[in-house]
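> Chains A and B, in that order, give the protein sequences. So in my numbering, spot 88 of the first sequence is number 88, and the numbers just go up one at a time. So in my numbering, spot 155 of the second sequence is number 155, and the numbers just go up one at a time.
Each hint can be trusted.
Derived PhoX-like pairs: lysine-lysine, alpha-carbon spacing no greater than 20 Å straight-line: (1) B/K325 - A/K164; (2) A/K117 - A/K164; (3) A/K117 - B/K325.
The hints are simulated quantities; they were obtained by calculation from the structure and are not laboratory data.
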Amino acid sequence: MELKLERIEQRVGPQTHLYPLDLTLVPRAVTVLLGATQAGKTTLMRVMAGLDTPTKGRVIADGADVTGVPVRERNVAMVYQQFINYPSMTVADNIASPLKLRGEKNVNGRVAELATKLHIEPFLKRLPAELSGGQQQRVALARALAKNAPLMLLDEPLVNLDYKLREELREELSLLFASGQSTVVYATTEPTEALLLGGYTAVLDAGELLQYGPTAEVFRRPQSIRVARAFSDPPMNLVAAEAVDGAVLLPGGMRFPAPLPADAHGAVTLGVRAGSIGIRPREGDVALSGRVELAEISGSDTFVHVDTPVGELVAQLTGVHAFTLGETVTLYIHPAQAYVFGAAGDLLVASRGL
Amino acid sequence: MARIELDLAHAYKPNPTVDEDYALLPLKMTFDDGGAYALLGPSGCGKTTLLNIISGLVTPSQGTVQFGGTNVTGQTPQQRNIAQVFQFPVIYDTMTVAENLAFPLRNRGVAPDKIKQRVGRIAEMLEMSGQLNQRAAGLAADAKQKISLGRGLVREDVSAVLFDEPLTVIDPHLKWQLRRKLKQIHHELKLTLVYVTHDQVEALTFADQVVVMTRGRAVQIGNASALFERPRHTFVGHFIGSPGMNFLPAVGNGGSVRVAGHDLAIPASRLGSGTGPLTLGLRPEYVTLAEPNAAGALPARVIQAQDIGMYWLVTATVGEGDDAKLMRARLSPQQAIPKPGDTAWFAIVGPHTCFYRDDELVEGATI
Chain A
1 MELKLERIEQ RVGPQTHLYP LDLTLVPRAV TVLLGATQAG KTTLMRVMAG
51 LDTPTKGRVI ADGADVTGVP VRERNVAMVY QQFINYPSMT VADNIASPLK
101 LRGEKNVNGR VAELATKLHI EPFLKRLPAE LSGGQQQRVA LARALAKNAP
151 LMLLDEPLVN LDYKLREELR EELSLLFASG QSTVVYATTE PTEALLLGGY
201 TAVLDAGELL QYGPTAEVFR RPQSIRVARA FSDPPMNLVA AEAVDGAVLL
251 PGGMRFPAPL PADAHGAVTL GVRAGSIGIR PREGDVALSG RVELAEISGS
301 DTFVHVDTPV GELVAQLTGV HAFTLGETVT LYIHPAQAYV FGAAGDLLVA
351 SRGL
Chain B
1 MARIELDLAH AYKPNPTVDE DYALLPLKMT FDDGGAYALL GPSGCGKTTL
51 LNIISGLVTP SQGTVQFGGT NVTGQTPQQR NIAQVFQFPV IYDTMTVAEN
101 LAFPLRNRGV APDKIKQRVG RIAEMLEMSG QLNQRAAGLA ADAKQKISLG
151 RGLVREDVSA VLFDEPLTVI DPHLKWQLRR KLKQIHHELK LTLVYVTHDQ
201 VEALTFADQV VVMTRGRAVQ IGNASALFER PRHTFVGHFI GSPGMNFLPA
251 VGNGGSVRVA GHDLAIPASR LGSGTGPLTL GLRPEYVTLA EPNAAGALPA
301 RVIQAQDIGM YWLVTATVGE GDDAKLMRAR LSPQQAIPKP GDTAWFAIVG
351 PHTCFYRDDE LVEGATI
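Chain A with its partners taken away, still in its complex shape (with noise of 0.2 Å):
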């Protein structure tokens, strides 16, 4: 499906929850809505839906307005944080009740179809409050992929959900979307889920649409401090500094090449992802010395945070490294791996990449 949002605001009595909007998504693809909670992401899957009409603006589906068309008369498929399924219907009947709705013939062999593709064909005889949260989760996806509709929405559908059964379920999530058959718009609140789903990405903040391309490009170059902060994840390391003769000049009186525009000056944020500092140096990098404060690990990475002369720095180090609190250690960082955000949190100079 075609879905285009044409100038959407949404306003609550006094409050907005969507300042006013364009988008048009791409058509058989992944969208990726990424935001913190109260973004305005679910609001926004909500008008898509047709459970909420807007208080302006249009929806346009496949060239047709049907702004105001109830979400009974849309063909869409939803998907909730909660595991939403019939308690009473066997879970092999969830999944069959789009099919006999709209009369389909083989509706038994569609189902054991879906139920193989979501592993779940062991449980089709039972209730679903007999399956575990990772499963009855997986009867409500192959009901919503049951009614094979044009336009998927998925609200954070993973996050109730362990983190393995997580990675389990995205990993087939993405392959069943990339089968291209609908227009898939999918909710998180993470920036690796979204790199992970791959696809295009809309970054909304405090109800507005901030930037909307490639996953990678969005990620990579980010229009503005705002989309920056909301695409990475730990927090992207934000250094307040000065623009003096084509550099940057960091707090303590560090000087940091970068390629600045000729007429940028004055007060400029130098943007650097944990990532792209290590503790190993490399031909030009800069050196920046500090002290260990915390060392976070998760099972495949290490986020070491340092306390340096030009305030806490975060690095992400691959693998598990021990670090004894209190350490002195060298972070290095690529100038070419880089950001630079103007004064008013616009971007002025990308990273590169190596």
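Mind docking chain B on chain A? Use the hints.
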């Protein structure tokens, strides 16, 4: 504060016989005084049962719980002098932040000046000093949960503070701050802390020692580095890390292992007595691209290459047909990344490679 010693098992129904009858299989462990421990595992693994046994909410069906050498198996949480923090904020909305924090102390008849001093210190650590006189009702969910954490930590005389998934309701970017606060607070207060979670980041960051649990069994107790580098059980390899460890069926044969039809040389000492069927385990972080026919490498067919921003995650299949196994490699972008459909060679034998028999690590010298 007290050293906690557990030597117990628990079944919810009488006369357990097989493993499945147990919520907790027989275990023996010691939590040192002032240590930070995490119980990590998926839902249903027994971690909450274990926490409830430590707190006294559940009495183990066999064995004992000792605090500082005293048998407390039959004692209530109050008698054991335990503080607890739950998933959701447990606070009084009508009270101010300061009154909430002071409540556990007031209940115990602590002197007012002492209360004031302790509340001030906890509020300072949680960065809530500016909100002390605000009513709790008006605060956001995460601020309320911070108060809950503060209430758990405010008493100095507790045997232990137990946390049951305390960061569930917190937004991801605030989780960073709170995980960090908890770690710093442990460093300063030196209380015995036991933290239940299904989240590896919380467990590995917070705890000095992590107990990894699955199906009622504690499969490994170790620090983050041990769990990452040398998982003692395949479950630990799988559960720790995103994605977890790759596992490939292998056959040990003295000086080599055979994987998907390729004989890969390894020092014989590495396998100990490990000949016959084995499982080779290697983390995606340690799988590297290799030249064709390089030592310790085998070819795999790439099925997916994902750009995860700071690195690429490449998924490939090793072996053919029904025997094909998935393998993931986390590759730095400073090299040519193979595309879906390509056949690429990956080095899989090196110092980080682990071998398992019946899911248990085969001990041998490292390569």
